[in-house]
Structure formats: structure tokens, C-alpha cells
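Between the sequences and the hints, there should be enough to build the whole structure, so can you do that?
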Amino acid sequence: MKRIYADRKYIIIGFFLLIGLLYLARLFYVQILVDKYILSANNNVLRYVTQYPARGLVFDRYGKLLVYNEAAYDLMVIPRQVKNPDTSVLCNLIGISKKEFVNRLQKARNYSPYRPSIFEAQITRDNYGFLEEKLFLFQGFYVQPRTLRKYTYPVAAHTFGYIGEAGPDVIEKNPYYRAGDYIGINGIEKSYEEILRGKKGMKIRVFDVLNRDKGSFRDGKYDTTSVAGTDLYSSLDAELQEYGELLMTNKKGSIVAIEPQTGEILCVVTSPSYDPNLLAGNIRKKNYTKLLQDTVFVPLFNRALMAIYPPGSTFKLVDALVGQQEGVLFPETRYGCPGGFPLGNGKMVGCHPHPSPLDLNGAIQVSCNTYFCRVFKTIIEKKTYGNTRQAYENWRKEVMSFGLGKKLGIDIPGELNGNIPTPAYYDRYHGVNRWRAMTIISLAIGQGEIGITPIQLANLSALISNRGWFYTPHLIRAIGKTDSLNKAFGTKHKALVDERYFDVVIEGMANVVTGGTGVIARIDSITVGGKTGTAQNPHGKNHSIFLAFAPVQNTRIAVSVVVENSGYGSAWAAPIASLIIEKYLNRSVKRKDLEERMINGNLINGKLENEGRQGNILPD
Amino acid sequence: MRDDKGIFYRIDWVLVGLYLALVFIGWLNIYASVYNETHNHILDLSQKYGKQLIFIIAALFLALGILIIDPKFFSQFAWFIYGFFLFLLVLVIFSGREISGSRGWFAIGGFGIQPAEFAKMATVLALAKYLSALDVSIARFRSLVIASAIILIPAVIVLLQHDTGSAIVFLTLVIVLYRAGLTGFIPLAFILFPILGVLALVLPKLMMAGVLLVAAGIFYLFSNKRFHSVVLISLVFLGSVGFVFSVDYSVNHILQPHQRNRIHVLLGQDIDLKGAGYNVNQSLIAIGSGRFFGKGFLQGTQTKYNFVPEQSTDFIFCTIGEEWGFVGSALLLLLYLGLFTRIILRAERQRSRFSRFYGYGLASILFFHFAINTGMTLGLVPVIGIPLPFISYGGSSLWAFTILFFIFIRQDSYRYDLV
Numbered sequence: 009m010k011r012i013y014a015d016r017k018y019i020i021i022g023f024f025l026l027i028g029l030l031y032l033a034r035l036f037y038v039q040i041l042v043d044k045y046i047l048s049a050n051n052n053v054l055r056y057v058t059q060y061p062a063r064g065l066v067f068d069r070y071g072k073l074l075v076y077n078e079a080a081y082d083l084m085v086i087p088r089q090v091k092n093p094d095t096s097v098l099c100n101l102i103g104i105s106k107k108e109f110v111n112r113l114q115k116a117r118n119y120s121p122y123r124p125s126i127f128e129a130q131i132t133r134d135n136y137g138f139l140e141e142k143l144f145l146f147q148g149f150y151v152q153p154r155t156l157r158k159y160t161y162p163v164a165a166h167t168f169g170y171i172g173e174a175g176p177d178v179i180e181k182n183p184y185y186r187a188g189d190y191i192g193i194n195g196i197e198k199s200y201e202e203i204l205r206g207k208k209g210m211k212i213r214v215f216d217v218l219n220r221d222k223g224s225f226r227d228g229k230y231d232t233t234s235v236a237g238t239d240l241y242s243s244l245d246a247e248l249q250e251y252g253e254l255l256m257t258n259k260k261g262s263i264v265a266i267e268p269q270t271g272e273i274l275c276v277v278t279s280p281s282y283d284p285n286l287l288a289g290n291i292r293k294k295n296y297t298k299l300l301q302d303t304v305f306v307p308l309f310n311r312a313l314m315a316i317y318p319p320g321s322t323f324k325l326v327d328a329l330v331g332q333q334e335g336v337l338f339p340e341t342r343y344g345c346p347g348g349f350p351l352g353n354g355k356m357v358g359c360h361p362h363p364s365p366l367d368l369n370g371a372i373q374v375s376c377n378t379y380f381c382r383v384f385k386t387i388i389e390k391k392t393y394g395n396t397r398q399a400y401e402n403w404r405k406e407v408m409s410f411g412l413g414k415k416l417g418i419d420i421p422g423e424l425n426g427n428i429p430t431p432a433y434y435d436r437y438h439g440v441n442r443w444r445a446m447t448i449i450s451l452a453i454g455q456g457e458i459g460i461t462p463i464q465l466a467n468l469s470a471l472i473s474n475r476g477w478f479y480t481p482h483l484i485r486a487i488g489k490t491d492s493l494n495k496a497f498g499t500k501h502k503a504l505v506d507e508r509y510f511d512v513v514i515e516g517m518a519n520v521v522t523g524g525t526g527v528i529a530r531i532d533s534i535t536v537g538g539k540t541g542t543a544q545n546p547h548g549k550n551h552s553i554f555l556a557f558a559p560v561q562n563t564r565i566a567v568s569v570v571v572e573n574s575g576y577g578s579a580w581a582a583p584i585a586s587l588i589i590e591k592y593l594n595r596s597v598k599r600k601d602l603e604e605r606m607i608n609g610n611l612i613n614g615k616l617e618n619e620g621r622q623g624n625i626l627p628d
Numbered sequence: 045m046r047d048d049k050g051i052f053y054r055i056d057w058v059l060v061g062l063y064l065a066l067v068f069i070g071w072l073n074i075y076a077s078v079y080n081e082t083h084n085h086i087l088d089l090s091q092k093y094g095k096q097l098i099f100i101i102a103a104l105f106l107a108l109g110i111l112i113i114d115p116k117f118f119s120q121f122a123w124f125i126y127g128f129f130l131f132l133l134v135l136v137i138f139s140g141r142e143i144s145g146s147r148g149w150f151a152i153g154g155f156g157i158q159p160a161e162f163a164k165m166a167t168v169l170a171l172a173k174y175l176s177a178l179d180v181s182i183a184r185f186r187s188l189v190i191a192s193a194i195i196l197i198p199a200v201i202v203l204l205q206h207d208t209g210s211a212i213v214f215l216t217l218v219i220v221l222y223r224a225g226l227t228g229f230i231p232l233a234f235i236l237f238p239i240l241g242v243l244a245l246v247l248p249k250l251m252m253a254g255v256l257l258v259a260a261g262i263f264y265l266f267s268n269k270r271f272h273s274v275v276l277i278s279l280v281f282l283g284s285v286g287f288v289f290s291v292d293y294s295v296n297h298i299l300q301p302h303q304r305n306r307i308h309v310l311l312g313q314d315i316d317l318k319g320a321g322y323n324v325n326q327s328l329i330a331i332g333s334g335r336f337f338g339k340g341f342l343q344g345t346q347t348k349y350n351f352v353p354e355q356s357t358d359f360i361f362c363t364i365g366e367e368w369g370f371v372g373s374a375l376l377l378l379l380y381l382g383l384f385t386r387i388i389l390r391a392e393r394q395r396s397r398f399s400r401f402y403g404y405g406l407a408s409i410l411f412f413h414f415a416i417n418t419g420m421t422l423g424l425v426p427v428i429g430i431p432l433p434f435i436s437y438g439g440s441s442l443w444a445f446t447i448l449f450f451i452f453i454r455q456d457s458y459r460y461d462l463v
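Read top to bottom, the protein sequences are chains A and B. Letter by letter, the first sequence follows residues 9 to 628 of my numbering. Letter by letter, the second sequence follows residues 45 to 463 of my numbering.
Incorrect hints may appear among the rest.
Here are the simulated DSS-like cross-link-like pairs (lysine-lysine), alpha carbons at most 30 angstroms apart as the crow flies [unchecked claim]:
{"no.": "1", "chain 1": "B", "residue 1": "K92", "chain 2": "A", "residue 2": "K222"}
{"no.": "2", "chain 1": "A", "residue 1": "K158", "chain 2": "A", "residue 2": "K489"}
{"no.": "3", "chain 1": "A", "residue 1": "K17", "chain 2": "B", "residue 2": "K116"}
{"no.": "4", "chain 1": "A", "residue 1": "K298", "chain 2": "A", "residue 2": "K549"}
{"no.": "5", "chain 1": "A", "residue 1": "K158", "chain 2": "A", "residue 2": "K142"}
{"no.": "6", "chain 1": "A", "residue 1": "K181", "chain 2": "A", "residue 2": "K207"}
{"no.": "7", "chain 1": "A", "residue 1": "K91", "chain 2": "B", "residue 2": "K92"}
{"no.": "8", "chain 1": "A", "residue 1": "K72", "chain 2": "A", "residue 2": "K107"}
{"no.": "9", "chain 1": "A", "residue 1": "K72", "chain 2": "A", "residue 2": "K500"}
{"no.": "10", "chain 1": "A", "residue 1": "K222", "chain 2": "B", "residue 2": "K95"}
{"no.": "11", "chain 1": "A", "residue 1": "K355", "chain 2": "A", "residue 2": "K298"}
{"no.": "12", "chain 1": "A", "residue 1": "K142", "chain 2": "A", "residue 2": "K294"}
Read the hints as simulated data drawn from the structure, not as lab findings. Nothing here was measured: the structure is a model prediction, and the numbers come from that model.
Spelled out as C-alpha cells, the structure:
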């Protein structure tokens with residue numbers, strides 16, 4: 009048999025080998041040359057499950073729990089596993105419409121049919137109870153535990169701030185955050201975010217194609233555990249804070265109390281405020297919008313840090329101190345008061361009737377406008393400075409050394425500078441060399457362009473009681489343990505006025521309360537130093553201001569109170585400051601009548617009943 | 045006569061060894077692809093590896109049975125066997141069970157039997173039988189028509205079962221015809237036309253026509269006298285151009301939607317990885333993630349967690365690629381290439397034309413399955429659901445391949461008996 013075509017075996021074998029070689033090359037390419045397949049493989053099966061740590065707690069200065077975490081639940085959905093559930097039942101359970109249900113499911117499906125999406129965020133424990141009973145009915149839905157911030161006292165909302173999901177801008181800037189993570193958005197939650205948040209952990213789980221959990225990856229070798237957030241010990245006195253907010257019911261304004269020796273803030277009240285629980289959890293967005301839209305009460309505005317008021321007569325204390333330091337004023341300096349300070353153009357800065365002439369102590373006690381206009385004039389016209397501008401510049405430097413007109417740097421965001429006008433401002437306003445002491449004389453009595461914030465005012469009080477120094481006011485006294493003090497606030501700031509000049513001012517302030525414009529602030533068992541102030545307000549009734557500290561010796565509390573549109577400083581601010589002092593030092597208030605009158609006073613909607621005139625001594 | 049030493053001294057143990065190795069590799073990877081800690085007993089009959097073990101044992105008995113049958117039986121009963129399976133192929137259309145769209149299964153107890161798998165063996169037998177007849181020469185038109193009919197009749201019936209993949213397999217027997225003397229242009233056309241078709245879908249058609257014209261001109265000028273026929277060259281040229289212009293229409297109007305999608309996926313024109321492209325993409329991910337040494341036995345994540353569909357049957361090569369890496373996959377490729385080469389070389393040594401053509405038929409069928417199956421998992425060939433010989437899960441395919449294979453071993457073992 010002739011085998012004519014036998015050689016064709018080579019062609020056939022050659023063809024087989026050619027294909028084999030081609031496949032071998034392809035294998036080499038797919039398995040060794042390119043990386044994308046191994047990356048996709050990990051992406052396919054590995055899920056990085058974040059372990060959220062518990063956020064740090066916040067305690068008050070006596071160890072009372074202020075801010076804590078409560079379990080909340082995110083309802084998750086895996087669209088592919090959803091099997092025609094009885095939608096109406098689920099809709100009722102979480103309170104959404106059928107249309108919304110379909111929308112959300114579609115949104116989740118668009119993200120991924122296989123991977124979980126949040127269907128309803130932060131369901132509270134109470135609502136979860138109902139849901140849990142029925143959840144087995146809904147395939148493809150499950151809950152993932154999260155935490156919800158809770159507040160023991162419904163107070164100090166601005167101080168605590170709130171948390172929310174990290175937005176895209178944050179995620180882009182900071183690699184720690186992923187979509188769905190919480191971040192502090194305001195207050196302590198924001199400024200102590202890195203301490204409070206702890207450290208996220210990561211569990212790597214293996215999932216199959218139907219997204220079923222198949223256990224941990226390599227027996228958890230690459231897993232990391234989460235580290236709980238660090239607790240914070242606030243300087244706040246929860247009871248005092250609560251009491252302060254109670255006193256400010258139906259009033260616009262603020263109360264700031266500081267422990268002078270340490271700069272620890274004892275309470276910081278802004279009114280009107282809101283319950284911090286309103287901005288926790290899934291109700292936050294809705295409530296936030298509501299609060300934001302409230303233009304009558306402006307509850308989101310933190311007056312204690314952001315409202316800028318002319319300090320009024322409280323600023324005379326600064327005049328007294330700077331004047332002495334400049335050597336143009338002595339305790340025994342006397343100026344007569346002819347019922348006002350003539351401005352030379354026929355007008356005058358008016359003053360109320362009081363004995364005349366007065367020395368420095370007496371001028372503080374009765375808050376004589378004439379006296380302090382003269383003091384201010386002598387400072388600015390002091391010969392050694394050559395010209396007004398230089399004298400003013402020096403005056404401004406000394407004033408700002410009291411912590412006025414610039415951010416103090418307290419440990420929550422939002423603080424504003426206030427304003428001690430620059431010489432350049434007056435140059436622009438009046439023209440270079442065209443302003444004199446008399447042009448800006450209203451600064452002497454804390455009016456005009458000058459503006460300071462309530463926290464600066466409280467700090468001024470603390471500074472005076474300390475005779476010339478202060479620690480930056482702060483809200484967090486210790487981190488982690490009660491005795492590990494917050495290191496950021498250990499620097500003593502000194503005013504540019506010597507200690508010895510404070511005695512007469514403190515004495516004058518004590519007299520203000522014992523027999524001056526602030527007698528209403530008197531407390532039988534406690535010596536109090538204070539100073540009234542009335543900030544003129546071009547838009548309406550004057551703001552009532554009071555600045556105080558107590559006891560006069562070994563002071564433990566310094567307070568500023570501002571009550572907007574309520575008249576003289578003695579009318580509302582002084583009694584409120586006095587009640588705060590009594591509450592803090594005695595832990596209870598004996599003057600129930602005064603307390604009740606203050607709490608019930610409605611200065612927002614109601615009629616003003618008390619104009620604040622006490623006896624024959626007029627306020628200021 | 046060398047018969048005295050008995051059958052086990054005369055069979056080709058290299059081929060049998062390759063067979064056993066592939067079957068073992070297959071079982072191991074089926075085990076890996078469905079491995080589950082809660083069911084890990086190898087004889088667990090609720091699991092595929094348990095069933096496959098039963099199939100393998102049965103296959104070994106079948107092999108043994110074939111080895112003790114008189115080798116002349118197969119050539120003498122070739123037509124009968126062919127007719128019997130044609131009958132079954134028709135029968136299954138009417139009384140079979142429908143599995144994933146094709147009507148090709150007989151339900152016997154809990155198992156399904158797919159006659160198309162066995163029909164390949166029957167067709168190879170019949171073709172070898174026909175071509176071995178002394179009065180048959182493929183150069184004659186009549187013989188060519190009959191030989192083609194032997195191949196095409198079962199292919200068409202299988203096509204009627206909506207099992208396109210199995211139907212195409214029959215066409216691979218053109219290699220046997222080529223060995224029997226068919227002009228090389230026909231098998232060449234079998235290779236060139238799919239390539240031409242792919243190019244027609246990708247490249248502009250007028251450019252293709254231009255290239256074909258130049259190719260025809262070159263062929264006319266440089267080929268030897270035998271093909272120097274202007275008419276023939278013109279016909280081929282016109283046919284090719286017609287083909288190029290009709291491919292688009294065929295793909296978009298004649299093919300089934302899922303087949304059309306597979307072609308688009310292959311050409312990279314469909315990147316819907318959750319739809320038609322899913323299988324191939326997942327398959328590449330599994331193989332690609334194996335890297336050089338693989339992830340290790342039972343460590344494959346893609347196949348174990350069911351990302352790759354049909355992983356124990358059509359996509360079994362993914363498990364191998366993922367768990368055994370480039371080393372394991374290349375070794376398997378070499379095992380197959382060794383098997384094919386060995387079969388061809390043994391076939392050439394046959395004294396009987398029947399045995400030789402049978403050997404070529406066997407090699408062609410095995411090679412085609414191998415090339416399509418692995419090519420598909422590597423994203424080189426459209427997704428056509430045919431098993432990887434000896435390795436893929438499934439009783440019908442394993443038994444059919446075993447019978448196909450051992451008939452050749454049996455023929456080979458008595459080649460010296462023929463004068």
C-alpha cells in the first residue's frame with residue numbers, strides 16, 4: 009500500500025503545535041505579563057469590612073456623662089437578593105412611601121446589585137425593635153450596627169457640635185475617611201475629632217459570587233482591630249450650663265463663665281439654642297434645615313463666640329488700667345462731671361446724675377462717662393507719643409493684650425475676632441492726621457466701632473480678677489484621664505498692665521455691687537466684683553451687659569452676660585450673672601424671686617416689664 | 045504471531061498513561077472547583093466530585109471491556125454502530141430532555157445521557173470504515189460526497205437539537221479527509237474563513253476586498269501551473285468578497301442573539317461585563333490571578349466562590365489556571381500536545397487503513413475540543429459550550445471520549461496481527 013499522503017502528518021502535527029504555542033503565549037500574557045486580572049480577582053472576592061470604633065465619651069468637670077453613644081442600625085440592602093417583599097409592610101416600618109421605596113432600591117441597584125447599600129440610615133433602637141421582628145420577611149435586607157450620639161442634658165448644643173457622614177471634599181483631602189464614615193462637623197466633635205474618633209479597624213472577608221460571607225481571609229491574618237476613641241473631660245459644669253440656659257429662656261444673648269486660675273470654661277450659653285439630640289442620627293438633615301431656616305431665633309448662631317457687641321461701660325475698666333499703666337491716671341485722680349463731657353462742637357457725651365467730683369474708685373462705682381472720656385483723652389494726647397496716631401497705636405496694643413479684638417483661640421470652631429479699630433481704619437474714615445482723641449472719644453465708653461465677643465468679655469473679667477494674666481479659655485480640661493490635662497492650654501498670657509494697677513479697679517468693681525450700678529448682683533454670702541454695661545444698638549433697644557467675678561478674693565468664677573435688646577446692664581445681665589455666680593459657688597440659689605423673674609422674662613416675644621432702675625442710683 | 049504475551053503487553057502504555065493522568069487531573073480540579081468544607085468526603089455522591097469518581101470507575105470498566113472485545117468487531121460493525129447512533133440522535137429530538145436550551149439528553153434514572161457525544165465516536169468509525177475501502181479514493185468526487193455526507197448527517201441532526209457546539213465538532217473530521225488525500229485548500233479554507241469573517245467584522249469591507257484582490261493577483265502570478273485557472277481564482281475571489289460582505293448580515297440577522305453577543309465579546313466590541321462578557325472576563329480573571337505558581341490546591345478564590353460559571357464542566361480550565369498557575373496550565377497544555385502527537389504518530393504506524401484513519405479521527409476530535417475549550421477560557425475563541433476531553437465533569441463526555449480513545453488503543457494493540 010502506497011502511502012502517498014503520509015507526509016501530511018507533519019503538517020497536521022505542526023498545526024496542532026502551532027495552536028498549542030499560541031495558547032501558551034496567551035497564558036503567559038494573561039498570567040504573568042498583566043496585573044489587571046489579579047487585581048480584579050481580589051476585587052471580586054475580598055470585602056474590606058470596616059470595624060467602627062466607639063467614639064469617645066464626654067464628661068463634665070464633676071465626672072457627669074454629657075455625650076455618649078447609643079446603638080443605632082443602618083438598614084442595608086443587597087438588591088440582587090431582594091425577592092418581591094411585601095413592600096407596604098417595610099414602608100410602614102421605616103416610614104417611607106412606596107414610591108420612595110422603589111427609588112431607593114433602584115439607586116442601590118445602580119450602585120451595585122451584589123453589594124450592600126444603606127437603605128435607611130441610623131434607625132434608633134426603639135424603631136429597630138419593630139423592624140427586627142419582621143426583618144426575616146424581607147430577603148436581601150439586613151441591619152448593620154452603627155452608633156448614634158446621645159446627650160444626657162439637652163444643653164450646650166453649640167459646644168458639643170455634631171457629627172455626620174464625611175462629605176466628598178473631606179474624603180478627597182483626608183485618606184482616613186471613606187464614604188459612610190462619621191466625622192465631627194462642629195463644636196468639640198470637630199476640634200477633637202482625631203481624639204474622639206479612635207481608629208477604625210478592618211476585617212477582610214471573603215465573599216462568593218452571590219455575596220455570601222465565606223469567612224475571614226487567611227484566618228484574619230491581615231485584619232486590624234479597631235481602637236475605641238479617647239474620652240474627653242470637659243471643664244463644663246453641666247448643672248451650671250443647664251441653669252444658664254434656663255435663665256436665658258426667651259432671651260437673646262449669652263452667658264460665659266470661666267474659672268480664672270485655669271481658663272476653664274464653666275458654662276457657655278448662647279440663646280436661643282436647640283436640643284443637641286435634634287442633630288443626631290437620621291433626623292439631622294431635616295432638623296438642620298429647619299434650624300437654618302429659622303430667621304427669627306437664629307438658633308444655629310453661637311452668640312457667645314460670634315456675636316460682636318460694643319462693650320459699653322464695661323470698657324471703662326480697660327480705660328482705668330491702661331490710663332494707670334501710661335502714668336496719666338492715679339487712683340486719686342479726680343475729675344468733675346458737669347453732667348457730661350463736652351465735645352467742643354456744642355455736643356456732649358451725656359452722663360447721669362451722681363456725686364462729683366469723683367476719684368477713680370468712685371468713677372468706676374457710678375460709671376461716670378465724663379471721667380473716662382477725660383482719661384481716654386489724656387492717654388491719646390500724651391506728649392511722649394508725638395502724635396495721635398502713635399498714641400492710639402500704643403493704646404490699641406495694650407487693649408488687645410487683654411484678649412480683646414482678636415480670637416482667643418478657644419477649642420471649638422467659629423470664634424470671631426471682634427474689632428478694636430486700626431489706625432489705618434481711622435485714616436481711611438477721617439483722613440490721615442485728621443483725627444484726634446476727641447474724634448474717637450466714644451471708644452472711652454465702649455461705643456463706636458469697637459466690638460468684642462461675650463467670651464472676650466468673660467476673659468476680661470477673669471484677667472482682672474487674676475490681676476493681669478489669663479489662660480486661653482477652653483472647654484476640654486483633660487484628655488483620656490481626668491488628670492491628664494489638656495496641654496494645648498498651658499500658656500499664661502500677660503496683659504501689658506502691671507499687677508499693682510489692678511487693686512483699685514477690683515475695689516471699684518466690688519463697690520459697683522455693694523453700692524453702685526450693679527447692686528442687684530449682690531449676694532449676701534459672696535463678695536462679688538462687677539461692672540455694668542449698656543451697648544447702644546442702632547437697630548433697637550440697648551443690649552444689657554454685665555461683667556463679674558466672685559469671690560473678690562481668691563476668685564473662682566468670672567462671668568460675662570449679654571442680654572440683647574433688654575436695656576441697661578443692671579436690668580437683666582447683672583441679676584443673671586449674679587444668679588450664675590450663686591449657683592456655681594453655693595450649688596443652689598436662695599433668691600427664688602429673682603430667679604423666677606429672670607427665667608420668666610420674655611424679651612423676644614413678650615413685653616418688657618423691668619427697665620432695671622434700682623433705687624436712686626441710675627445704671628450707666 | 046506475538047499474541048502469546050496477552051493484550052496488556054501490547055497496548056501503548058504511554059497513551060494509556062496520558063489518559064489516566066488527564067482523568068486524574070480532571071477529577072482533582074472538579075474536587076477543587078466545588079470544594080466545600082462541609083462536604084469533603086471524596087465519595088459524597090451529592091457532590092460533583094463524588095459522581096465524577098463513579099463516572100471514572102465506570103469509564104475504566106468500559107475501557108477494559110473494549111480491550112477484550114475482538115478488534116475486528118469495530119470495523120465490521122462500524123456501519124451498524126453509526127446507524128444506531130443516528131437513530132438515537134433523531135430519537136432524542138422527540139423524546140429527550142431539554143437542558144439549557146438544547147434537546148440532546150436522554151434521562152435515565154438520575155443521570156442524563158447525551159447521544160451526541162457518542163455519535164462522534166460512531167461517525168469516526170464509519171468514516172474510517174468508508175475511507176479504508178479499497179475502491180474509495182477521496183480524489184474522486186463521488187467518494188468525497190459520500191465521506192462528506194457521513195460527517196454532515198450527524199452534524200445536521202445535532203444542529204437540529206440546538207447544540208451548535210457539538211455540531212461544529214464534526215467538521216473537524218476534515219483533517220481525516222485531508223490525510224486521505226483531500227486537497228489542502230479545503231482545510232485551509234476552514235481556517236481562513238473564520239479569520240476572514242473576524243476581519244470582516246472589524247475592518248472596513250472595501251479595504252478587505254482590495255486586499256483580497258491583491259492576494260488573488262499574487263496567487264495568479266506566482267502559483268504553479270496546476271492552479272493556474274483564471275476561472276477558479278476568480279470564483280474563489282468573488283466567493284471571498286461575497287463572504288466578507290455577508291458576514292455582517294449573517295452575524296446580525298441569522299445568528300441567535302446569544303451567539304451574536306459572544307462574537308461581539310470576543311472582538312472586544314461588547315464590554316458589558318455583567319452581561320454577555322461576564323463569563324469570559326471572569327474566566328480570564330481566574331486564570332490571570334493564578335500568576336506563575338498558582339494559588340495552590342483548593343486555594344482558588346474565583347472558582348471556589350462561583351465567580352466563574354460552568355466551572356466544573358466547560359470552564360474547568362479556569363480552576364487549573366487559578367490554582368496551578370502558569371506552570372500547571374502549561375504542563376497541561378504540553379500533556380495534551382503530547383497526546384495528540386503520539387496518537388498521530390501511532391496512527392501512521394498502523395498497517396490497516398481503518399485503524400490509521402480512526403486514529404486521525406480521534407486526534408482531530410480531541411484536538412478540536414481542546415482548542416475550542418481552552419481557547420474560549422482564554423478569550424481567544426467565542427464561547428462554545430463543549431467539554432475539555434477527559435477533564436470536564438460529566439458522564440456522557442467522559443464515557444464517549446473513553447470509548448473513542450480505547451477503540452484506538454485496541455486497534456493499535458493488534459496492528460502486528462495484520463499481514
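Results for each hint:
no., hint, in the structure
1, B:K92 - A:K222, "holds (20 angstroms)"
2, A:K158 - A:K489, "holds (21 angstroms)"
3, A:K17 - B:K116, "holds (25 angstroms)"
4, A:K298 - A:K549, "holds (28 angstroms)"
5, A:K158 - A:K142, "holds (27 angstroms)"
6, A:K181 - A:K207, "holds (18 angstroms)"
7, A:K91 - B:K92, "holds (29 angstroms)"
8, A:K72 - A:K107, "violated (45 angstroms)"
9, A:K72 - A:K500, "holds (28 angstroms)"
10, A:K222 - B:K95, "holds (25 angstroms)"
11, A:K355 - A:K298, "violated (48 angstroms)"
12, A:K142 - A:K294, "holds (27 angstroms)"
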